[in-house]
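Student: One letter stands for each residue in the lines below.
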Amino acid sequence: MPYHKFKCSECIPEREKHAVVKGPGEDITSALPLGYLNTIPGSISERGCAYCGAKHVIGTPMKDVIHMSHGPVGCTYDTWQTKRYISDNDNFQLKYTYATDMKEKHIIFGAEKLLKQNIIEAFKAFPSIKRMTLYQTCASALIGDDINAIAAEVMEEMPEVDIFVCNSPGFGGPSQSGGHHKINIAWINQKVGNVEPKITSDYVINYVGEYNIQGDQEVMVDYFKKMGIQVLSTFTGNGSYDDLRSMHRAHLNVLECARSAEYICNELKVRYGTPRLDIDGFGFEPMSASLRKVGLFFGIEDRAQAIIDEETAKWKPELEWYKERLKGKKVCLWPGGSKLWHWAHVIHDEMGLEVVSVYTKFGHQGDMEKGISRCEEGTLAIDDPNELEGLEAMEMLKPDIIFTGKRPGEVAKKIRVPYLNAHAYHNGPWKGYEGWVRFARDIYNAIYSPIHQLSLVDISKEEIPTETKFLTQKMISDMNLSEEVTSSKDLREYTGKYDIISELRGKTYPDFPAQKKLSAV
Amino acid sequence: MEDMMKDRVEQLVDYIMKKCLWQFHSRSWDREKQNEGILTKTMQILCEEPVKKETPTDKCYWVDAVYLADAFKSRYSWMATLDKEEIKLLMQELKDRIDYLTIKGSLNAELTDPHY
Amino acid sequence: MQCEVKNKERVGVINPILTCQPCGAQYASIGIKECIGIVHGGQGCVMFVRLLFSQHFKESFELASSSLHEDGAVFGATHRVEEAVDVLLMRYPHVKVIPIISTCSTEVIGDDIDGVVLKLNSGLLKEKYAGREVHLIPIHSPSFKGSMVSGYDVAVKDIVSHFAKKDKPNGKINLFTGWVNPGDVTALKHLLTEIQVDATVLFEIESFDSPLMPDGNSVSYGNTTIEDLTETADALGTIALNRYEGGQAAKYLENEFDIPTIIGPTPIGIRNTDIFLQNVKKITGKPIPASLVRERGIALDALTDLTHMFFADKKVAIYGNADLVIGLAEFCLDLEMKPVLLLLGDDNTSYPNDPRIKALQENVSFEMEVIMNADLWELENRIKNEGLELDLILGHSKGRFISIDYNIPMVRVGFPTYDRAGLYRHPVVGYAGATWLGEEIANTLFTDMEYKKNKEWVLNVW
Numbered sequence: 001m002p003y004h005k006f007k008c009s010e011c012i013p014e015r016e017k018h019a020v021v022k023g024p025g026e027d028i029t030s031a032l033p034l035g036y037l038n039t040i041p042g043s044i045s046e047r048g049c050a051y052c053g054a055k056h057v058i059g060t061p062m063k064d065v066i067h068m069s070h071g072p073v074g075c076t077y078d079t080w081q082t083k084r085y086i087s088d089n090d091n092f093q094l095k096y097t098y099a100t101d102m103k104e105k106h107i108i109f110g111a112e113k114l115l116k117q118n119i120i121e122a123f124k125a126f127p128s129i130k131r132m133t134l135y136q137t138c139a140s141a142l143i144g145d146d147i148n149a150i151a152a153e154v155m156e157e158m159p160e161v162d163i164f165v166c167n168s169p170g171f172g173g174p175s176q177s178g179g180h181h182k183i184n185i186a187w188i189n190q191k192v193g194n195v196e197p198k199i200t201s202d203y204v205i206n207y208v209g210e211y212n213i214q215g216d217q218e219v220m221v222d223y224f225k226k227m228g229i230q231v232l233s234t235f236t237g238n239g240s241y242d243d244l245r246s247m248h249r250a251h252l253n254v255l256e257c258a259r260s261a262e263y264i265c266n267e268l269k270v271r272y273g274t275p276r277l278d279i280d281g282f283g284f285e286p287m288s289a290s291l292r293k294v295g296l297f298f299g300i301e302d303r304a305q306a307i308i309d310e311e312t313a314k315w316k317p318e319l320e321w322y323k324e325r326l327k328g329k330k331v332c333l334w335p336g337g338s339k340l341w342h343w344a345h346v347i348h349d350e351m352g353l354e355v356v357s358v359y360t361k362f363g364h365q366g367d368m369e370k371g372i373s374r375c376e377e378g379t380l381a382i383d384d385p386n387e388l389e390g391l392e393a394m395e396m397l398k399p400d401i402i403f404t405g406k407r408p409g410e411v412a413k414k415i416r417v418p419y420l421n422a423h424a425y426h427n428g429p430w431k432g433y434e435g436w437v438r439f440a441r442d443i444y445n446a447i448y449s450p451i452h453q454l455s456l457v458d459i460s461k462e463e464i465p466t467e468t469k470f471l472t473q474k475m476i477s478d479m480n481l482s483e484e485v486t487s488s489k490d491l492r493e494y495t496g497k498y499d500i501i502s503e504l505r506g507k508t509y510p511d512f513p514a515q516k517k518l519s520a521v
Numbered sequence: 001m002e003d004m005m006k007d008r009v010e011q012l013v014d015y016i017m018k019k020c021l022w023q024f025h026s027r028s029w030d031r032e033k034q035n036e037g038i039l040t041k042t043m044q045i046l047c048e049e050p051v052k053k054e055t056p057t058d059k060c061y062w063v064d065a066v067y068l069a070d071a072f073k074s075r076y077s078w079m080a081t082l083d084k085e086e087i088k089l090l091m092q093e094l095k096d097r098i099d100y101l102t103i104k105g106s107l108n109a110e111l112t113d114p115h116y
Numbered sequence: 001m002q003c004e005v006k007n008k009e010r011v012g013v014i015n016p017i018l019t020c021q022p023c024g025a026q027y028a029s030i031g032i033k034e035c036i037g038i039v040h041g042g043q044g045c046v047m048f049v050r051l052l053f054s055q056h057f058k059e060s061f062e063l064a065s066s067s068l069h070e071d072g073a074v075f076g077a078t079h080r081v082e083e084a085v086d087v088l089l090m091r092y093p094h095v096k097v098i099p100i101i102s103t104c105s106t107e108v109i110g111d112d113i114d115g116v117v118l119k120l121n122s123g124l125l126k127e128k129y130a131g132r133e134v135h136l137i138p139i140h141s142p143s144f145k146g147s148m149v150s151g152y153d154v155a156v157k158d159i160v161s162h163f164a165k166k167d168k169p170n171g172k173i174n175l176f177t178g179w180v181n182p183g184d185v186t187a188l189k190h191l192l193t194e195i196q197v198d199a200t201v202l203f204e205i206e207s208f209d210s211p212l213m214p215d216g217n218s219v220s221y222g223n224t225t226i227e228d229l230t231e232t233a234d235a236l237g238t239i240a241l242n243r244y245e246g247g248q249a250a251k252y253l254e255n256e257f258d259i260p261t262i263i264g265p266t267p268i269g270i271r272n273t274d275i276f277l278q279n280v281k282k283i284t285g286k287p288i289p290a291s292l293v294r295e296r297g298i299a300l301d302a303l304t305d306l307t308h309m310f311f312a313d314k315k316v317a318i319y320g321n322a323d324l325v326i327g328l329a330e331f332c333l334d335l336e337m338k339p340v341l342l343l344l345g346d347d348n349t350s351y352p353n354d355p356r357i358k359a360l361q362e363n364v365s366f367e368m369e370v371i372m373n374a375d376l377w378e379l380e381n382r383i384k385n386e387g388l389e390l391d392l393i394l395g396h397s398k399g400r401f402i403s404i405d406y407n408i409p410m411v412r413v414g415f416p417t418y419d420r421a422g423l424y425r426h427p428v429v430g431y432a433g434a435t436w437l438g439e440e441i442a443n444t445l446f447t448d449m450e451y452k453k454n455k456e457w458v459l460n461v462w
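Residue numbers (UniProt numbering), protein chains in the order written: chain Z, 1 to 521; chain X, 1 to 116; chain R, 1 to 462.
It should be emphasised that the hints constitute simulated quantities derived from the structure, not laboratory data. The reader is advised that the hints may include incorrect statements.
Simulated pairs of lysine-lysine, DSS-like, Cα-Cα distance not exceeding 27 Å [said to hold, decoys possible]:
hint : chain 1 : residue 1 : chain 2 : residue 2
1    : R       : LYS165    : R       : LYS251
2    : X       : LYS6      : X       : LYS88
3    : R       : LYS128    : Z       : LYS17
4    : Z       : LYS7      : R       : LYS126
5    : Z       : LYS7      : Z       : LYS198
6    : Z       : LYS330    : Z       : LYS474
7    : X       : LYS6      : Z       : LYS329
8    : Z       : LYS269    : X       : LYS19
9    : Z       : LYS105    : R       : LYS128
10   : R       : LYS126    : R       : LYS166
Model the full assembly from the supplied sequences, consistent with the hints where possible.
Tutor: Below, the structure written as structure tokens:
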């Protein structure tokens with residue numbers, strides 16, 4: 001096994017099996033790090049907890065819900081206003097968070113009464129909201145409060161409300177991924193099958209594992225609606241609680257982030273026979289493949305093709321403009337989980353970037369199988385990285401840019417590596433065709449930032465050029481490009497607006513009257 | 001001859017491993033079904049044989065198979081030179097290899113977890 | 001007309017103003033040089049706090065976790081602290097100070113972090129790290145008690161009491177700044193320099209605002225050294241600016257080493273800064289120099305341009321850490337504004353006895369509410385459902401949507417302020433802070449007048 005040994009981790013030999021380099025002739029049967037194991041204490045890993053995996057990542061993007069955590073205030077505070085999952089109901093789920101505010105006396109005497117009071121108070125404060133998700137925390141798990149019983153009691157007394165309970169305390173599992181799992185299973189066990197939806201199309205899907213970061217979901221749903229497909233629910237970005245209770249009525253589960261949401265798709269398949277189709281919403285070719293496959297499933301591939309043709313014609317020249325300027329730039333692709341495989345091959349194929357390293361904070365070996373398969377030779381793959389390993393890797397690999405989280409991005413900044421936020425994005429959405437151009441544009445602007453260039457200069461040691469009073473990104477990026485490229489009429493810079501999501505809301509779509517179910521082809 | 005076969009299988013393997021996701025379900029029983037379902041249907045499409053797609057599951061396999069068959073045909077010009085028996089042989093080799101990479105030879109310790 | 005002091009009536013929290021104790025302990029921990037704290041609990045208790053710090057400062061700070069998992073939650077997890085200390089010491093050879101910060105989970109399961117420290121001191125540190133100076137400091141900061149404010153207070157006290165050791169008088173004063181920004185420390189040190197007083201500043205966090213250097217090796221960390229902490233017992237006197245953030249440590253030094261101690265006031269505004277200088281003078285005997293008279297004059301000059309023209313009778317709501325809120329309220333009153341609603345974000349039972357709150361109760365002649373154990377819903381509900389009309393909100397970024405949704409101008413102040421650029425660089429304390437605050441408030445009101453076309457023409461001739 002081509003393990004990579006970090007100097008900084010020589011003293012913790014367990015770490016050795018968590019990093020591999022995909023060498024020549026290597027594949028995932030010979031190069032795969034260990035994964036999803038407990039973190040070594042004190043290693044300064046980047047992992048979060050199972051509570052946040054459940055509540056913050058998957059529960060909270062649901063938009064029409066009171067999201068309450070049963071515990072001390074910190075868990076709630078922490079998982080509030082640190083994400084960019086927006087919604088078309090004025091971001092209710094981003095704005096409001098609820099803690100039962102467990103105190104010492106509750107630890108001693110129990111907090112079930114406190115919980116019940118809290119639930120009632122919260123519904124009273126927001127009379128138009130009738131749905132609630134309730135999350136256990138470390139503290140309420142350890143004192144053994146029966147949250148399910150309290151929720152049932154309230155639902156009995158207040159028949160107009162519905163409450164979902166997720167028992168996923170922070171200590172439950174090696175990382176946030178434990179929480180993804182628990183909330184998937186809890187949702188299907190408690191809520192799916194509870195509501196019978198109105199079916200308005202012959203083609204009905206659940207869009208699963210999509211969190212509407214900066215509007216990704218709305219971009220994708222726009223495509224689906226153009227095809228006449230009814231998106232019954234989205235699990236969970238911009239998703240509606242009651243829609244998600246009717247997931248059993250979809251014909252197809254279209255799965256995006258398999259890391260966080262495959263469990264519910266697998267269970268839906270077992271329990272309701274709904275097939276699972278894994279897709280990639282990032283990149284032109286994967287996006288087109290995804291639309292075509294969904295179209296094929298329903299026998300409406302012509303509708304998919306129409307979107308693919310139109311979008312490709314519109315945006316390809318812009319993607320190509322960036323590709324010419326990003327070719328050969330080295331990337332550390334260091335996201336949380338799924339983006340390491342969503343992006344690994346396609347930023348190489350479609351933007352010309354070289355992925356020199358992938359890592360995953362909370363992913364499993366399955367994510368690394370996908371990621372390593374999609375990487376080129378020589379890529380360093382790291383599981384559950386820690387602060388020093390990240391620095392050592394960047395020193396060694398000298399990336400031109402890093403895609404990672406907000407805080408590790410600040411570490412990269414200091415060693416003068418530009419960063420883009422892999423979780424929340426810089427100027428997204430990044431899904432869909434235009435979104436993919438926006439991603440390329442963000443990468444370009446980061447790498448060719450004139451300010452970034454200045455950070456490499458030591459004015460005490462170097463001659464300061466007096467002729468240059470300013471530089472533009474283009475002056476820097478086009479310096480070594482051929483005339484053919486720089487003056488090409490076939491390529492152009494991004495032409496879209498700052499906000500491309502608002503106009504999607506309230507858009508009207510072609511009417512495809514529901515007929516008898518069409519057979520595919 | 002064997003080398004050429006091996007080389008061609010590797011080209012197809014490379015395509016699948018880079019571009020597809022269906023072979024990476026998280027449990028070995030699902031991977032077996034996925035590989036079997038999709039690669040069998042791909043073979044049938046390439047051999048112009050009838051393909052079962054009446055159940056939702058079959059239809060979903062078929063979708064990935066259509067896509068894969070199209071990709072194979074458009075990317076690998078040598079595909080057109082093969083007769084049906086050769087395609088079947090090739091696809092069997094391919095399936096064996098994908099099964100090895102994703103199941104039998106997989107280092108993924110979670111494949112045998114009995115639950116989702 | 002009166003000032004009413006009361007508790008929030010609801011039991012729960014809708015949109016918290018403050019987070020829990022471990023965050024405060026971690027904020028203290030990053031102020032110390034060659035120090036990395038270990039938070040004993042689930043990983044989220046560290047990951048999110050580091051994220052919060054990085055949101056506020058746009059910098060990354062090092063903090064470790066003992067990574068509590070199920071087995072530890074069931075059978076006890078002190079061995080994970082032992083392992084964390086060892087791993088940290090092996091991989092960070094410069095580290096000398098390791099606060100071990102407890103959380104709700106590890107307090108509930110009853111992990112004995114004091115016992116672990118004793119065990120490590122006599123075991124691991126003696127055997128494996130003989131000759132290396134290492135300080136392990138247990139800090140009990142269960143999340144179900146107090147708030148980040150008390151967590152900070154407890155941690156500062158535990159850290160100081162760990163190190164403070166009487167030697168010979170050092171002629172310095174101890175300055176406990178409370179939970180402030182780098183810009184505040186710069187402003188405070190400037191005042192002390194002008195008055196020619198040498199101080200041990202706890203904590204030296206100016207370096208939180210760290211540069212991007214050509215050699216690419218700059219990191220953000222606090223600069224308070226072990227020597228600084230040890231010498232706190234030798235000081236001429238102690239000034240703790242904030243009653244609830246560092247006050248306990250000041251009292252500890254007073255009780256233990258008979259160090260003359262003055263707690264408060266939070267030097268926000270001209271008057272409180274004057275008193276702060278007077279206190280420094282009282283302890284050190286140093287006169288207030290002409291340079292500060294001039295600086296004060298510049299601040300007064302700036303504020304005089306603003307108060308009765310623009311600020312008078314403007315209704316303000318203020319939320320956040322109690323010391324900050326009270327300091328801001330006092331300053332608002334001097335600026336002729338009406339702080340009609342003060343929201344203190346935790347349940348500290350001593351607030352009603354705080355002389356500053358009593359003074360408000362005795363002297364304020366308009367309707368004013370002081371809500372203890374408050375959350376942000378206390379503010380929003382009053383605006384949304386109870387007809388509260390406000391001209392200005394003062395508070396941190398977590399309340400941003402109230403300002404946005406109800407079109408109320410807001411000046412970001414406190415912690416965290418991630419939705420505005422560089423605020424950690426600007427002081428709210430001292431004369432510089434008074435000027436900055438006054439002008440920031442004015443410019444925010446001006447922008448709002450223009451945005452709403454609300455007598456925007458007034459500014460034509462100002």
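Student: Hints first: check each against the structure and report whether it holds.
Tutor: Against the structure, the hints come out as follows:
1. Distance restraint check for R:LYS165 and R:LYS251: the Cα-Cα separation of roughly 15 Å lies within the 27 Å cut-off, and the hinted pair is therefore satisfied.
2. With a C-alpha separation of about 14 Å, the suggested pairing of X:LYS6 with X:LYS88 holds against the 27 Å cut-off.
3. Distance restraint check for R:LYS128 and Z:LYS17: the Cα-Cα separation of roughly 25 Å lies within the 27 Å cut-off, and the hinted pair is therefore satisfied.
4. For a cut-off of 27 Å, the pair hint linking Z:LYS7 to R:LYS126 stands: about 25 Å separates their Cα positions.
5. With a C-alpha separation of about 59 Å, the suggested pairing of Z:LYS7 with Z:LYS198 is violated against the 27 Å cut-off.
6. With a C-alpha separation of about 19 Å, the suggested pair Z:LYS330 and Z:LYS474 falls inside the 27 Å cut-off, and the hint holds.
7. Simply put, X:LYS6 and Z:LYS329 have alpha-carbon atoms about 33 Å apart, too far for the 27 Å limit, and the pair is violated.
8. Only pairs whose Cα atoms come within 27 Å are accepted, and Z:LYS269 paired with X:LYS19 is accepted, the gap being roughly 23 Å.
9. Restraint check for Z:LYS105 and R:LYS128: not satisfied, since their Cα atoms lie roughly 41 Å apart, outside the 27 Å limit.
10. Using a Cα cut-off of 27 Å, the hinted pair R:LYS126 and R:LYS166 holds, with the two alpha carbons roughly 25 Å apart.
Of the hints listed earlier, those the structure fails to meet are numbers 5, 7, 9, in rising order.
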